[in-house]
Structure formats: C-alpha cells, structure tokens
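If you read the protein sequences in the order shown, they are chains A and B. Note that our numbering has the first sequence beginning at 214, numbered continuously upward. Note that our numbering has the second sequence beginning at 214, numbered continuously upward.
To be clear, the hints were calculated from the coordinates, so they are not data collected in a lab. Bear in mind the structure is a predicted one, so any value in this text is a computation, not a measurement. Think of the CB as a built atom: it goes at the ideal place given N, C-alpha and C, for glycine as much as any other residue. A few of these clues could be false.
In silico BS3-like links for lysine-lysine, alpha-carbon gap of 25 Å or less [said to hold, decoys possible]:
no. : chain 1 : residue 1 : chain 2 : residue 2
1   : A       : LYS660    : B       : LYS423
2   : B       : LYS503    : A       : LYS423
3   : A       : LYS423    : B       : LYS469
4   : A       : LYS423    : B       : LYS423
5   : A       : LYS660    : B       : LYS248
6   : B       : LYS440    : A       : LYS469
7   : A       : LYS503    : B       : LYS423
8   : B       : LYS376    : A       : LYS423
9   : A       : LYS503    : A       : LYS469
10  : A       : LYS642    : A       : LYS660
11  : A       : LYS649    : B       : LYS670
12  : B       : LYS669    : A       : LYS469
13  : B       : LYS631    : B       : LYS670
14  : B       : LYS669    : A       : LYS376
15  : A       : LYS642    : B       : LYS669
16  : A       : LYS669    : B       : LYS669
17  : A       : LYS649    : B       : LYS423
18  : B       : LYS423    : A       : LYS670
19  : B       : LYS248    : A       : LYS469
20  : A       : LYS669    : B       : LYS670
21  : A       : LYS469    : A       : LYS376
A few chain A residues that don't get close to chain B, going by computed Cβ distances all over 10 Å [as the list claims (entries may be wrong)]:
no. : residue
22  : ASN227
23  : ALA247
24  : PRO275
25  : ARG416
26  : GLU508
27  : HIS556
28  : ASP592
29  : ARG599
30  : ARG616
31  : CYS639
32  : PRO672
Protein chains: 2
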Amino acid sequence: MRTEWIAKRRGQANVSQMHYARQGVITEEMHYVAKRENLPPELIRDEVARGRMIIPANINHPNLEPMCIGIASKCKVNANIGASPNSSNIDEEVDKLHLAVKYGADTLMDLSTGGGNLDEIRTAIINASPIPIGTVPIYQALESVHGNIEDLTAQDFLHIIEKHAQQGVDYMTIHAGILIEHLPLVRNRITGIVSRGGGIIARWMLHHHKQNPLYTHFDDIIEIFKKYDVSFSLGDSLRPGCTHDASDEAQLAELKTLGQLTRRAWEHDVQVMVEGPGHVPMDQIEFNVKKQMEECSEAPFYVLGPLVTDIAPGYDHITSAIGAAMAGWYGTAMLCYVTPKEHLGLPDAEDVRNGLIAYKIAAHAADIARHRPGARDRDDQLSEARYNFDWNRQFELSLDPDRAREYHDETLPADIYKTAEFCSMCGPKFCPMQTKVDADALTELEKFLAREEEAKKQPVA
Amino acid sequence: MRTEWIAKRRGQANVSQMHYARQGVITEEMHYVAKRENLPPELIRDEVARGRMIIPANINHPNLEPMCIGIASKCKVNANIGASPNSSNIDEEVDKLHLAVKYGADTLMDLSTGGGNLDEIRTAIINASPIPIGTVPIYQALESVHGNIEDLTAQDFLHIIEKHAQQGVDYMTIHAGILIEHLPLVRNRITGIVSRGGGIIARWMLHHHKQNPLYTHFDDIIEIFKKYDVSFSLGDSLRPGCTHDASDEAQLAELKTLGQLTRRAWEHDVQVMVEGPGHVPMDQIEFNVKKQMEECSEAPFYVLGPLVTDIAPGYDHITSAIGAAMAGWYGTAMLCYVTPKEHLGLPDAEDVRNGLIAYKIAAHAADIARHRPGARDRDDQLSEARYNFDWNRQFELSLDPDRAREYHDETLPADIYKTAEFCSMCGPKFCPMQTKVDADALTELEKFLAREEEAKKQPVA
Numbered sequence: 214m215r216t217e218w219i220a221k222r223r224g225q226a227n228v229s230q231m232h233y234a235r236q237g238v239i240t241e242e243m244h245y246v247a248k249r250e251n252l253p254p255e256l257i258r259d260e261v262a263r264g265r266m267i268i269p270a271n272i273n274h275p276n277l278e279p280m281c282i283g284i285a286s287k288c289k290v291n292a293n294i295g296a297s298p299n300s301s302n303i304d305e306e307v308d309k310l311h312l313a314v315k316y317g318a319d320t321l322m323d324l325s326t327g328g329g330n331l332d333e334i335r336t337a338i339i340n341a342s343p344i345p346i347g348t349v350p351i352y353q354a355l356e357s358v359h360g361n362i363e364d365l366t367a368q369d370f371l372h373i374i375e376k377h378a379q380q381g382v383d384y385m386t387i388h389a390g391i392l393i394e395h396l397p398l399v400r401n402r403i404t405g406i407v408s409r410g411g412g413i414i415a416r417w418m419l420h421h422h423k424q425n426p427l428y429t430h431f432d433d434i435i436e437i438f439k440k441y442d443v444s445f446s447l448g449d450s451l452r453p454g455c456t457h458d459a460s461d462e463a464q465l466a467e468l469k470t471l472g473q474l475t476r477r478a479w480e481h482d483v484q485v486m487v488e489g490p491g492h493v494p495m496d497q498i499e500f501n502v503k504k505q506m507e508e509c510s511e512a513p514f515y516v517l518g519p520l521v522t523d524i525a526p527g528y529d530h531i532t533s534a535i536g537a538a539m540a541g542w543y544g545t546a547m548l549c550y551v552t553p554k555e556h557l558g559l560p561d562a563e564d565v566r567n568g569l570i571a572y573k574i575a576a577h578a579a580d581i582a583r584h585r586p587g588a589r590d591r592d593d594q595l596s597e598a599r600y601n602f603d604w605n606r607q608f609e610l611s612l613d614p615d616r617a618r619e620y621h622d623e624t625l626p627a628d629i630y631k632t633a634e635f636c637s638m639c640g641p642k643f644c645p646m647q648t649k650v651d652a653d654a655l656t657e658l659e660k661f662l663a664r665e666e667e668a669k670k671q672p673v674a
Numbered sequence: 214m215r216t217e218w219i220a221k222r223r224g225q226a227n228v229s230q231m232h233y234a235r236q237g238v239i240t241e242e243m244h245y246v247a248k249r250e251n252l253p254p255e256l257i258r259d260e261v262a263r264g265r266m267i268i269p270a271n272i273n274h275p276n277l278e279p280m281c282i283g284i285a286s287k288c289k290v291n292a293n294i295g296a297s298p299n300s301s302n303i304d305e306e307v308d309k310l311h312l313a314v315k316y317g318a319d320t321l322m323d324l325s326t327g328g329g330n331l332d333e334i335r336t337a338i339i340n341a342s343p344i345p346i347g348t349v350p351i352y353q354a355l356e357s358v359h360g361n362i363e364d365l366t367a368q369d370f371l372h373i374i375e376k377h378a379q380q381g382v383d384y385m386t387i388h389a390g391i392l393i394e395h396l397p398l399v400r401n402r403i404t405g406i407v408s409r410g411g412g413i414i415a416r417w418m419l420h421h422h423k424q425n426p427l428y429t430h431f432d433d434i435i436e437i438f439k440k441y442d443v444s445f446s447l448g449d450s451l452r453p454g455c456t457h458d459a460s461d462e463a464q465l466a467e468l469k470t471l472g473q474l475t476r477r478a479w480e481h482d483v484q485v486m487v488e489g490p491g492h493v494p495m496d497q498i499e500f501n502v503k504k505q506m507e508e509c510s511e512a513p514f515y516v517l518g519p520l521v522t523d524i525a526p527g528y529d530h531i532t533s534a535i536g537a538a539m540a541g542w543y544g545t546a547m548l549c550y551v552t553p554k555e556h557l558g559l560p561d562a563e564d565v566r567n568g569l570i571a572y573k574i575a576a577h578a579a580d581i582a583r584h585r586p587g588a589r590d591r592d593d594q595l596s597e598a599r600y601n602f603d604w605n606r607q608f609e610l611s612l613d614p615d616r617a618r619e620y621h622d623e624t625l626p627a628d629i630y631k632t633a634e635f636c637s638m639c640g641p642k643f644c645p646m647q648t649k650v651d652a653d654a655l656t657e658l659e660k661f662l663a664r665e666e667e668a669k670k671q672p673v674a
C-alpha cells in the first residue's frame, strides 16, 4: 500500500506530508495514522498542514508503519540506541531495536558515534524498523574529518545529511539554532554546553569566529529534506545540563532562533519538531512548554526528560519520568527516554526496558491528565480485574506483564492465580481489595438511614 | 537531654508539643528540629501552635531524634514495614528499620498484621528507632477478636490504642472519618474501599447499622493521645483505589469529616496530620492538596503516592513518585512510599531501597520546586563534580552512592575514577561534559563580536 503511494510521489520536488496536507490531500500515511489514533483523517491533515503535528516518514523507509507526533494525538516516547566506538555490532543494534519496539517505543534514534560500519548499521536498523528512525548526522560528519572539529565544513555536513536522507532516516537532529552570539551567555552556567552536537558546533564557532554553518546553510538542508520527506528535529544545543542552568538566557536565546528556523522550514512545507531540555525544576516545566509553543508557533515539542533533580545518578529514569510526565501533561508531543545508566555508562537491555517503561508511564499519565478520549480505558479495565482478583487479566493489561508476573510469583506460586483473593503483601486476611460492599447490604443501609432521617423529623412526644 | 525534658513533663495532664507551643514555650524538641531544618525555633513553635506542623514525639520514645512534618519545613518521606502472619521475626523487622533509616526514611510505619508477637516486635522497633514510629492499631484490635469484625467494640479499640501509646508509638492512623452515611457513596466506584482499616470499619457499620465507633469515641482517643503526646494520622478510609475513583463524592465527604476531627483534636492541643490518596490523575493533584488544606485548616497532609496511572504493576514506585513529587510541590508535608511490589507481593530489602530512593527523589524535587532555602545546594555541588569529572565526589553526593558506583563500574573499571573524562555511555570522544568553553576564548569571541557590531555601524564608504 504505502509502497504504491510512495512510487507515485517519487521524483516530485516536494514529497513531504506537510506539502500534501497544505494542498488539502489526505495521504495514505494520514489515513493510517488517523486509524491508529482514533481521530478523523481531516484533523490529522489539518494539524500537519498547520505544523502542529508531524508524520516522520521518509519515502525511502518502506517498512514503516506511519505514526504522528503532535499535541492533538497521544503523547509519544522515543528510545535511543547506538553503537559506540568500543562496541559496534549490527545484530546487537537490531536486537536493541526489537527490544525497544517490544516495550513500546514510538520512535527510535540511532545515536551511533563510531565503529567504522555506521552506514551498514543504520541501513540494517531502517530496514528492520516499523517505527520512525532518527539520527544526529553531526556525529558521522565528525568521524568523516577524523574527529578534527575545526576541519569541518558545511559541505561535510550536507554530504552526510544527504546520505542519511537517502538511506531512509525519518527525522534528523540538526543543531542549527546555536548562534555565535549565544556563546557568551553560557559563562555563568555550572555545566556549560551538554549537547554533544551543540558542543561540536560551539567549538567550531569559537575556533573560526564564524557563524554556525548549519544555520547559514539551513536552506540547503531544507532542499534535501523536501526530496525525501525528512522531518527536522531542531536540536537544543544550549539545553541545561543541571537544574541550576535551567531556563537561562542562553537556553531562551536559542529557543527564539529555533522558532525562526521552524517557520523557515514551514515556508518550504518541511516538517519540524523542536527538541527541549534536559534538567528543569518542576516549577519551571510549564513555563518551558508554554514558551516553546509561543516561540515555535506550536511546532511539536520533543523533550529529553526533563530531570527534576540532579542528585540521583542510577535513578535518572525516575528523576526524569517525573519531569516527562508533567511536560506531557502541559502539552509536549514526544518524550525522549532516559535510562537508569544516564551519566554513568552505556545502557544494557535491562536498562532499555526500565527506561522505556518509565516513559510509557509518563506518556500515559500525561494522556490521562489531558483527558484524551479513551485514555483511561485500560486503567479502568485493569482496576476492575484487580478488584475481581483476575490476576491473569491484570497482568495482561500491564505495561510490562512479564515483570508483574515475576514479582507476584516470587512469593506466591503461579497456580494460585485462579483462586487467591490476596497477594503476599497483605496476606489472605487483610487484602484491601476484599472489602466488597455488597449492593444489597448497601440498599438495606440506605433504608435504615432514611428511617433514621425520618425519625429525626418527628416531633418529640 | 530529651530524657530530662521528658521527665519534667511526665504526669502532666497534657504533654503535647502543641500544648507547650500554644503556651509560648519552645521545647527541646523544637530547638532540635529548628537546627535540623535550619529554621528559627520561634517559627517551629508558631507552626506547631497553629497546627500547620507536627513533631511526632511520644514521651515514651526516648531514643527518638525529633523531626517535624509541615509545609514550612522540608518534605518528608515515610516507609512502611511490618510482619505478616506468614513471616514475623523481630530481628528481620529491626533490620528493615535500619535499612529504611539508611536510605533516608524520615518516619516509619509498622504495619504488622499478625504473627502473635506484635507487641514484642513493636517494642523492639521503637527502642531501636531514631525516627518516629507510626502504627495502625485497628489491625491488632481485629487480632484481639480473632478476626471477627462484628465482635469489635469501642473498648477493644481504646485498649489497643492505649497500649500502643504507652509503648511509645509516635503517631497512629485512626480511621475516624468514615461515617455510616458515606457508605452509599461508594456504589459507583470500580475498586470500592481500599483502605484496610477503613474496610474493617465499613463492614462493622454495615453489620451493626451503627456509627463508626472511632468517631463516636474520638474524645476518648484524644484523652489518651494527650497523656503521651501521640499525634493523629487521620486515616482516609475512602481514598481512591484507582484513577477512576479519584476525587469522588465519597472521598470528599470523608475529607470534610477529617477537617472537623482535626479541629476537635486541636481544641485539646493534640497534634494532627491527615492522610490522603492514593490513585489520582496528574490534573487532579493540585485540587486534592488545596482541598485538604481548605477542609482541614492546613493540618499537614500525608499522602500515599498518589499513583498517576493504574497500568504499571511492578513499577508503582515510579507511577506514584510522579504523583508524590507533584503533591509535595503543591504543599504536601509527607509522602508515604510505594515499592515496586505494590499490588503484587511483600517487598524485600531491594524493594524497600528502590521505593525509598524514588520517594527521596520526589521529596527533594518538591523542595527544589518550592524554592526552600538551600534545597538545590546539593544538586549544584553534584553538577559541579560531574562537570569536573570528579567521579568520587559525584557518587558521594548521590542519593544512593553504592548504586551509582555499581552502575559506573559495570562497564569501566573503578581505577579510572581519577583520570577518565568520560563514561562508557558516550565514550572518550563524545562526552558532552567535555565541552568546556574556555573563559579566555570567550573573552576573545566577545571582542570579535563587539568589533563586528562596531563595523556594522560604520557608514559604507
């Protein structure tokens, strides 16, 4: 289906979903997305046309099952994987992709930074993936000049970007928003610049005393993106790396530039989402989301966390799930997961699982709080199963059925599922779910209360 | 010190901190607490007198290191332990206490429900504990009538309550707020009544068609509490057991009664905190906190979670830490932890650790968001250590140094601490903390930018 639709578009000057939406066309991708989200196709089209929603779907990614990112639809979750210079095995990365999909990732970023076979790994991931794939091409650009930042040229960037686009990458982080005049603003920060790509651009600008080449060549990138329908994920190079640095002048100056770039891409019907922090105290999260909407004309916001405290390395899937849930509630469209290994080491399979579930929780809690139609249905069904001691059903409805079963079975045998009206937490006599207030007894009680009420009204003899 | 001060008070008709505070006295406990919180002793006294803060400190708990619970002070965390009928070993419970203290519990509830040696376990815990101990005496009351709820009498309750008070319990959950007329309000709930104590009282009222004996004998309980300075933790029997049931009529009707009981206890200078939900969607948390303040005249709020979604058994320390952090930010005084085993089984030592750290994160994030003086100091210090690659210092400042070290050392050896300017997450070349914008280079850049600015102003020749 999608293949035919793509064939029709191939060779057109602009093949982006936004381009078709703005012509009033409902693409196959929009129909597919509308079904998944249980929303009218017209709404999807209008949101894409308006730039408030994106459907990242490179025409060279044919096995993709299209999805959308935007405030009108359910909150999404992104997982990061990637080969490092020390470990780069194609099968391993494809396994990580499957794991991420199993635990509910809506999109996946391949953040591979080295190992020599980056192109092969990327191609394997794209071909195997039903979900959109994002990349940060600056990492490979740096590899291409053997790590010598000052040697990078605009042509190096454009060359790698075109390659990724041609391979089928659905969205790319482009660090075009950090400008040379923003750099003095980081002076008072504790952790300076903590975006990997942003740091590279910053060092380049400091060395050359020239403007950010991704900014000066932004229109060239737009031209590439139009041909393949790659979506921008505008990188926030100046995102805060600790709660101290949150919402500072540097961050907000870059955000303003990101807004300008958003509108420039929109002029060419190219889809855009905007990346956000980072580390942000809870009382500044709403401000950050609203400010992004204002500066970036409501282009979808895609945040990393944010972590609401810095003091819990080893538990940053939790410090950040708190911020992510709130960000989602305030209107963030996609949450980039953080694993327990953040700041400490390369995540393994179990870390990917823990990070993803924490973020599925955050995104789902956000959908409930935003009153999305049907968002609470699964909660209600699980609560009913819980109240009725239907253990199997309760586990099936869980975000991680294996984990729920495993924890239950640690202290009570599985064969008790059918009969046990308790778990080992409170034991057989004290399970609070046993308090079933019988409807007949309640009716009796109501009659009693009514009689009492009546008696009170009688004059004392 | 405290022993002398207690000796002076022994035998007085009312020995509560509130009683002394209202006479203008700053007790030794208040001085101690003021030092811990870095607040003026007069403020502690005034808050205790006002009822907005409690210092749970039974005069029969001499090894206690007094602490306070209230909106003017740091957000606190409670851990639950307890022997079940299947497992009841004194040493095990005392070990759990030490574990809870190690991971930062501010108070601890002994929720033992059976095993025959409840009194011994309780005494051992109180004697070993530097933190306040809370209990739910209704569990033992039920044991005393061999589990036959309908046989319970007010005297059974009072007998057990007096025993706990005499043993040195610092605060007790008393389910006095659920009234017979509230019961019909639970009809439309999915999970009915999920408070263990509340369920017992509900069944008793349904059977006898009589008012809650803890309500009708509330003044008798006050008399006991005055003698030992036990604080009320007014139980919320009608807390929601799923997001569907949150903020419903039943819950709010009971909350109103809890407010009346708060003021009745205050008339006798008895300290009170009020328990709260439970399961609450994010968008209803602020309402719940504000409503409690309004109905209960700002008596400290002590919430269990709340869980912001029901679909993640196995991860309810996370679903609830999200709600707890927000509740703390909105003004909740103490957060009762939830472990990953919630709804599934009895927590083990590792679960206690995971639950507590999740809640230390929530409470600390709340303190930061409330801008408590100095709340972010530790974050800033850790962020500085992180930026400077001072790994040991970073670990020391962590909420769980052992876990942070363990995760780091999984993929890189410990002997690298002194030299490594990276971890295995991004590897040696891509660590974002390496982007150190040199101050001299920045000064050079600023001069360059100034010259550029100047050049723009020159008229074109």
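Here's how the hints hold up against the structure:
1. LYS660/A x LYS423/B: Roughly 13 Å between the alpha carbons, so the hint for LYS660/A and LYS423/B holds.
2. LYS503/B x LYS423/A: Violated, because 53 Å separates the two Cα atoms, which is more than 25 Å.
3. LYS423/A x LYS469/B: violated (66 Å)
4. LYS423/A x LYS423/B: violated (82 Å)
5. LYS660/A x LYS248/B: It is violated: about 57 Å lies between the C-alpha atoms, which goes past 25 Å.
6. LYS440/B x LYS469/A: violated (63 Å)
7. LYS503/A x LYS423/B: violated (53 Å)
8. LYS376/B x LYS423/A: violated (78 Å)
9. LYS503/A x LYS469/A: holds (13 Å)
10. LYS642/A x LYS660/A: violated (30 Å)
11. LYS649/A x LYS670/B: violated (80 Å)
12. LYS669/B x LYS469/A: Holds: LYS669/B and LYS469/A sit about 23 Å apart, inside 25 Å.
13. LYS631/B x LYS670/B: violated (51 Å)
14. LYS669/B x LYS376/A: violated (38 Å)
15. LYS642/A x LYS669/B: violated (82 Å)
16. LYS669/A x LYS669/B: violated (89 Å)
17. LYS649/A x LYS423/B: Status holds; Cα separation ~19 Å.
18. LYS423/B x LYS670/A: Holds: LYS423/B and LYS670/A sit about 19 Å apart, inside 25 Å.
19. LYS248/B x LYS469/A: violated (45 Å)
20. LYS669/A x LYS670/B: Judged against 25 Å, a Cα distance of about 89 Å means the pair is violated.
21. LYS469/A x LYS376/A: The hint is violated at about 29 Å.
22. ASN227: Holds, since 34 Å exceeds 10 Å.
23. ALA247: holds (24 Å)
24. PRO275: PRO275/A clear of chain B: closest Cβ-Cβ about 31 Å, beyond 10 Å.
25. ARG416: violated (7 Å)
26. GLU508: holds (23 Å)
27. HIS556: Incorrect as stated: the minimum Cβ-Cβ distance to chain B is 7 Å, not above 10 Å.
28. ASP592: Check fails; 4 Å does not lie beyond 10 Å.
29. ARG599: violated (7 Å)
30. ARG616: Its Cβ does come within 10 Å of chain B, the nearest being 4 Å, so this is violated.
31. CYS639: violated (7 Å)
32. PRO672: holds (23 Å)
Taken one by one, the earlier hints fail for this structure at numbers 2, 3, 4, 5, 6, 7, 8, 10, 11, 13, 14, 15, 16, 19, 20, 21, 25, 27, 28, 29, 30 and 31, listed in ascending order.
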